[in-house]
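Trainee: Listed here are the chains, written in short residue letters.
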Amino acid sequence: MKEKPLKLKILDWVTILLFLLATAMVFFYAPMERVMGAVQKVFYFHVAAGWVGMLSFFFAAVAGIIYLVKKDEKWDLIGYSAIEIGIVFTLINVVTGAIWARPIWNAWWTWDPRLTTATIMELVYFAYLMLRQGIDDPERRQRFGAVYAIVGFLSVPLTFFSIRIFRTIHPVVIGGNDPTAVGAFDMTPLMLQTLLFSILVFSVLFIDLMWHRIRLGQYMNRVDELKMRLQD
Amino acid sequence: MQAKTSFIKALSAVIWKDLMTELRSKELISGMLVFSLLVIFIFNFSLEMDARTRNSVTAGVIWVTLIFAGTIGLNRSMAVEKDRGCLDGLLLAPVDRTAIYFGKSIANLIFMLIVAAIILPVYSLLYNNNVISLGLILVILLGSEGYVAVGTLLSSMAVQARTRDILLPILLFPVIIPILIAAVKASNGFLNGVPFNELMTWIYLLIAYDVIFTSVAFMVFDAIVEE
Amino acid sequence: MSAIIEVHNLIKRYGHKPVLKKLDFSANQGEFVALLGPNGAGKTTFLRILSTLAKPNFGSVTISGFQLPNQSAHIRQRLGVVSHQPLLYGDLSAEENLKFFSRLYGLHPAKDRIAEILKLIGLEKRKFDLVRTYSRGMQQRLAIGRAILHDPEVLLLDEPHTGLDQDASNILDGILNQVAMRGRTVVMTSHDLGRVANLASRFDVLTRGFIQASINIKDLPKHGLLEYYQDVLANSDEKVKAHAS
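Taken in order, these protein sequences are the chains called R, W and V.
Numbers given in the working numbering equal positions in the first sequence, counted from 1, plus 203.
Numbers given in the working numbering equal positions in the second sequence, counted from 1, plus 589.
Numbers given in the working numbering equal positions in the third sequence, counted from 1, plus 470.
Next up, chain R with everything else stripped away, as it sits in the complex (with noise of 0.2 Å):
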């Protein structure tokens, strides 16, 4: 087995750092926005997870068309690794969402576009997860994963389109406030330096992350081949 690479080492300290300075800034340099107060505080790494989950989903379907192409294993294991990592922060960015939701419009779900979008995307990529444990040819678990990662990351931008002109067209619905107005805000520039900052934090981090899911993807193919060669 393979000691832990020092590059390694080195961005999972940087990342720890640049998490403790946004976590820092997020409290400290940001200033309190005065209507909401506290809990806007939730916004910076709410939209961060947000971008990360995006960003996730994004690399799967690149890596499901890499590997509908090349049939290299090694993409399957990144689209597999990315999705994981997008499925956590997709729900970070729900559950973040809904605990902003509660004070600001007094109720912890909303059917605004992009909470709803977020939670059907989730539901998409828990539906490939499933859809992987079905399936017991590797090499075909790997072809099907590809494809619905392509598939279901096709839909989210739709989803998304279908449900805003869903509200556009129809601006009154049950529970009244328009999303987009009720908890809206002006950012300050420092305001907006530790949303950027955050995003780049969080992405940093997923980079962290994926490098050591798909080290240990790596070492369970390992594990794999050698019980195969016990068995011969």
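Hints were generated in silico from the structure; no laboratory data involved.
Please read all numbers here as calculations on a predicted model, not as lab measurements.
Possibly wrong hints are sitting among the right ones.
Listed below are the simulated DMTMM-like cross-link pairs for lysine to aspartate or glutamate, each with C-alpha atoms no more than 25 Å apart in a straight line [stated by the list, open to error]:
| id | chain 1 | residue 1 | chain 2 | residue 2 |
| --- | --- | --- | --- | --- |
| 1 | V | Lys525 | W | Asp811 |
| 2 | V | Lys492 | R | Glu276 |
| 3 | V | Lys525 | R | Glu342 |
Starting from the known structure of chain R, fit chains W and V onto it as the hints suggest.
Mentor: Frame of chain R; chains W and V shown alone:
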């Protein structure tokens, strides 16, 4: 000697075979129909469908019915191919894989439209209120096409999985939500007498979704059947 | 004699599990090759690769001068396959099944050919009955009829005798003999050594991922197929070592 049987010949052979099989067994359409009627009846009692509620929910009820019945049809249509190893039989023939995909899709679309053609009059009859209009027919045509394009692709994956009984709706529903939204909104408009040009957005959207989903399915189908 | 099937250095893995390991194989025109071997040796996988249904990870496969996988359409045109499933539609009659497959192979209209096939497999009288009402033996006969519909140069059969009783097997053998006599190349896997001994002209033993031995019927000692087969299996450890090096 030509290497491949021509696309049109292979396509029409697959459609002919599916229609012929269905003509014999009538399992697929009768299953879909009985199921559709049950869904409508269940909706009737669970939603207390008086005249006012009906106005707002009819489009939803029709589409939910079609989509649920559609999964039954799609599952059955692919199970037939898996039963006696027929899918391998199709793949052994010197034909384009896409001819098989389009053949199955068109046959599935025909089944869905037959079911729609029966349940719409029945719905009108049950509620003594004609829901059928040219606009609605157009929406059903477009919506079903997109649904079947994705459904045929995903059902050919689901049928090869160990968990094939439960997998299709789980894979299919989250992906076809954009189509469903557009179809329900457009149908709702036509049912409530909204003029055609105000609904064009949804119609265009449906056409765009159909084109996108059909072309992607067409591109990746090979990957599902080739080992 | 020219080789009609040429397989060189074929490797196939399922995930990390190697199934075929540098397999070499060739068959000449008119040969009837029986592929013998224990369960899980890779016989079915090998036939699936030959029949273009599975892709090899490595190695070359040539059939009738066409290369896999790039020219698979040409190969499919020249290939008939009988798998352990019948590959038939239960809700269609025998005639309709043949009609459908004749259309897929671009033979349509093929009335005479279908009639000829139905006669050969002895299902003329029941050609209008649905296939799901057929016995296993009749389905298997029709499966062969489907496979030879387009008069393929190569016929691949995977355990065609499985689940058949004595009579049905005899009828099947009769049909296979007729096909073989027309100079077609046949590759068949089987467990039933007794049955295979009367059909094949060559016996290959596929075990542990490659062909370990091959013998012509002329060179087989009397009553020797079973002994020969067991002998090969007993010595397989050495062969594996030699093959790996």
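Trainee: Run the structure past the numbered hints and jot down the numbers of the failing ones, going up.
Mentor: Failing hints: none at all.
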